[in-house]
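Turn these sequences into a full structure, and let the hints steer you where they fit.
Protein sequences, first through last, are from chains A and B.
Per the numbering used here, the very first residue in the first sequence carries number 34; after that it's consecutive.
Per the numbering used here, the very first residue in the second sequence carries number 27; after that it's consecutive.
Keep in mind that the hints were calculated from the coordinates and are not lab data.
It cannot be assumed that every hint is accurate.
[Said to hold, decoys possible] Quick list of the computed label-pair ranges, beta carbon to beta carbon: (1) B:Leu139 <-> A:Asn297: 40 to 48 Å; (2) A:Glu653 <-> B:Phe72: 53 to 61 Å; (3) A:Val163 <-> B:Ala62: 41 to 49 Å; (4) B:Pro46 <-> A:Pro435: 33 to 41 Å.
The C-beta atom is built at its ideal place from N, Cα and C for all residues, glycine as well.
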Amino acid sequence: MDPRLDEIAERVSAARQAAAARGETFYPGPSRIHLAAFPPKERWDNWVELDSRAWPKRVEKRFMLVPTTCFNCESACGLLAYVDRDTLQVRKFEGNPEHPGSRGRNCAKGPATLNQVTDPDRILYPLKRVGARGEGRWERVAWDEALDDIAGRIRTAIVEERPNEVMYHVGRPGEDGFTERVLASWGVDGHNSHTNVCSSGGRAGYHYWMGIDRPSPDHANAKVILLISAHLESGHYFNPHAQRVMEAKQAGAKLIVFDTRLSNTATHADLWLSPWPGSEAAILLAVANHLIATGRHDREFIRRWWNWEEYLAAEEPDRKPTFARFERRLATLYADYTFEFAAAESGVAAATIAQVAETVAEAGTALSTHTWRSAAAGNLGGWQVSRTLFLLNCLMGAVATPGGTYPNAWNKFVPVPIHTPQHPHTWNELTWPVEYPLALNELSFLLPHFLKEGRGKLDVYFTRVYNPVWTNPDGFSWIEALTDEALVGLHVALTPTWNETSFFADYILPMGLGSERHDVHSYEQYDGQWIGFRQPVLRAARERTGETIDDTRSVNPGEVWEENEFWIEMSWRIDPDGRLGIRRFHESKEHPGEKLSVDEYYGWMFDHSIPGLPARAAAEGLSPLQFMRRYGAFEISKGVGAVHEQPVPTDELVDTHTDRFGRVYTAAPKPAAVNLAPTGSPEPDEDGRRPVGVLVDGTVRRGFPTPSGKLEFYSAMLADWGWPEVAIPAYMRSHVHPSNLAADEMVLISTFRLPVQIHTRSGNAKWLDEIAHTNPLWLHPLDAARMGIGEGDLVRVETEIGYFVVKAWVTEGIRPGVVACSHHMGRWKLGDQGQRSVMATVALDHEGDGWDMSRKKGGGAFESADPDTLRIWWTDVGVHQNLTFPVHPDPISGQHCWHQAVRVRKAEPTDAYGDIHVDTARSKEVYRHWLELTKPADRFSPDGSRRPFWLMRPLKPARAVYDLPTAAADPGTAANVAGSQRNRKDKRKARTR
Amino acid sequence: MRARADLFRALGALCEPPEPGHIAIAAAIGLPGGPASGDYAEVFLFGAYPYASVYLGEEGMLGGEARDRVAGFWRALGIRPPTEPDHIAALLGLYATLIELEESEPDKARAALARSSRKALLWEHLLSWLPAYLDKLMEIAPPYYADWARLLGDALIDEAADVGGQTELPLQLRAAPGLPETDAPSADWVQALLSAVRTGVVLTRFDLRRGARELGIGARVAERAYMLRSMLEQDAPATTSWLAAEASRWAIRHQEKEATLGRVAVFWRTRAEASNAALRSLAQAVPAAARDDR
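Here it is as structure tokens:
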């Protein structure tokens, strides 16, 4: 060995040890090979880079790197804001390497947060309408005036016992439970989400199985990944998931993708299937049948964890339930789902489906599967897509295994907050109507119809980062409802930017973007739990320099606020003297009687509710809040594993009772919750013991939060509430099944995203708009030739209630007989206000029930403080197709079934690009037709309740208000309800004996 | 031993984009001056790309089978390959890890396995190309990176002495085809000229610029293949002769390493000699293009 080299090596080693002793990173490169390009964290206070704009001169720029969380999609990826130390302005956003989910990597939407911050068209001050609602005239108003007006109306509604007239309607929540608790503190059942136009179908399928409504696939460790989604390019958690899917592929995993379109994800698949829309469940059941028929399923897992005994008790009540008998039934249950049957339904070759089945069979317990919206959001019965997809996991035993799919609640952490208000004692029929007792989420998209039918009215209606006029189907019915002040007394739009719904508001209150507000998040992205902290980065930067910031408005642009402070202030103004019992939930604990600050809110949470965080922070000499402000994220645990298998500790087993299917109830009080991640909440037994676990081979194990404690292959709930024919995973023919289409009808797929855009939230990002700004109609060459349509030709797409005129894109990336158009484009504005880069200026004509929209001007260059807006080269900003869709509520899940049966033909000579016509009388007829498919609780409830109590529900009300009113107008119905309520206890006895 | 691991990890860190953390590392090593982004870009982004696949691959480009073989080595060790498994920093980091593993492993058999893995990595994926690459770097880089290259070269040779010689030629070299036979410079042939393992010649953009200058023809500012095509289009016989002379010089450089690198250096010399011969005969065969403003 060369002594000279040894001497150098010793010097390096000593320097490395000295750096480690100081808690610093010595090797910024190869010691972190994957993330070699990130600034080491100890230099985040003073990071030096050359100023690219000064090139070729070498001018050094000094930055503070401040973490926050992206607010564009639901992934909650970590961002690092580069705050210029000289100007205290954000110069760019990059990935946060300390974030366990995104691991420093971002999609295009993360860095584009900078565009949103500097957008010349953003709303910087509170606005109040002048003139009629929707007229487009606004005046600047002081925050105090707006707050007093709105709070006064809410207070009056609460005092006058009209709590259901206060509603908060949210698009992207971007947080875990803060606002729900605000509403609970007001005692209103006023939470309304967008979820029934999004993921309710997918959620329902998962929830009915496992009592938890989201999957958490462990893609990175999978051998086979099956996606019914475009998850390498878009969708919830796509960035954190995509990087793990690619890791698995690099390690040899096979990727199977079902997507009628040739998506970017499909191009990366080992097996891509382009099924007829709505046939996905038929293919999945054919795969299931193959697994069962060839004995490749995990029999032991099924024996231990499926509720087969309950199934047999329902199917063969007079015979002893044995697993052998169940297996005999299982062997024939799906025998009709041959590859040939699935091929006939889907149009995919039987041999390809067989190849999928064999690939899945080889996965063992390392099968990760995922669907979220896609087919589950497109079809009548779409919830059976996620249910039959998860059936494959349940057959393979690939549930909560390395490389398998976990219930999300085990890979998510929702900390206990400083105050927890009680459940509201009221039930809002406008969001949870009697027709949809099993819906996973609010029937939000039916709201205009409910209002116009006289089911209720709204006195104060908040839309918050939500754009129902544009996003929801049947937007003209929304405009009709929003412009009727007898139906909506006051409409407050909480939004960082203009949107089509805000045009019909009374107040527009500017709320911060991802780098201008506080929130905490946690999402299932691998087998671990993390929490991410969003913060106003300029506030954090200035606090690093020693300033004290009490009000985020003082650091945000203009008078842009953040919601935490806004809701606390609003709650104080609703209940200024505390007599309504609201203010106490928004008071300081440190200084009783004073307003709660965000520092105390999060400081308390991080001190008390996040296991391991205080110790980790202390190791760096920081408080937990300082730690989160510095790093933006914390990993609580990794390798959570199979929670259902955990034995229940004996101290939780007190005076237990075990029902005939093995569900174990205990008299021991529930330990204080550590993690509030939402799950189902199975009911106690008739003596009030709480369900604690399930008996499996003689051991009480934690099980799943379902009534049975097991994976519910058989849903007694569906059978009891009027749907016995779908009590087990099944294939339901979609409303766009070929048998439901006229000869000249095609299917329109409208649900897919453009990879760099995110609904209407990203229209204020110039970089993203330049990449994606239009939405042509995907049309197969065979269809195009049949109709005589060429590339770029105008076509008229006729739906049940109207039509839209769009350009054709002739492509083999779609099945013949199916057309597709992304819902991401077609933004519009009525006048001067709006996003000029991506909104067309339109004229609206309205006569009776007829509505017409025509384009006056496309997008284009304009002069502003940002010179780039003069460089806008595109004018085509797409067509707003959702306006022409009627509502299609699935009678079980409540999900809007997006796929449309349409007629496509060459445009008329008088048609112009972007023309839209809709008849809202017709949309009402379609609404009524779908309503007739339902099985309302007042006729089908087995126990007199509005809804199964165990089902998850946002802002869950108190148990008592689950009872249907017994003094219903219809005496027959009232008698039924009273009778079934009397029977409730008897039924529970029957189950638990 | 542990200190040696630190040395290789530190040397690996220094061929990543410069950052303030490199100052302390460079000072510990004793490199002259400090890291500079401009120098880094000149050397590694425009000059000599720090990836094994560029020098060991058939096309002289990133990726391909040469990178797959490196990735396969990571996998054989049970480690998921990083995004760029054949970057010098990744390879040196892995080498350091194997040194540490060998030292910390109490089980003798496992320690021996770690040592044989380390030896395999050294000969198969480091010494198979780095001596020629580092030679080129010392020629073209400013003092900071030239010294880095010299030190890394010395350390690798020292390691070779420590772990012992290799009985068989590395697969990366055995699997590499030579120059294709041709009587006219086709696009494939031009691409092959850029593959060091096929020609025995490390040809950077700096070299091509120098060549154009020496021949008095125009140097197009572009990637290597474009530059070389442009030179051949301007004056094929002169360019081919110039390449032959380069190969001849490289044959001598490789020969000087035979004492320490044995058959690996012999392989490289043989490739350079074959290139020299092929290029010379081609130079006589190809017609001279119309020459303009010489």
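Okay, the hints, checked on the actual structure:
In this structure the hint that Leu139 of chain B and Asn297 of chain A lie 40 to 48 Å apart at CB holds, the actual value being about 42 Å. Checked against the hint of 53 to 61 Å, the C-beta distance between Glu653 of chain A and Phe72 of chain B comes to roughly 40 Å, which is inconsistent with it. Between Val163 of chain A and Ala62 of chain B, the C-beta spacing of about 60 Å breaks the proposed range 41 to 49 Å. In this structure the hint that Pro46 of chain B and Pro435 of chain A lie 33 to 41 Å apart at CB holds, the actual value being about 39 Å.
Going through the hint list in order, the structure does not satisfy hints 2, 3.
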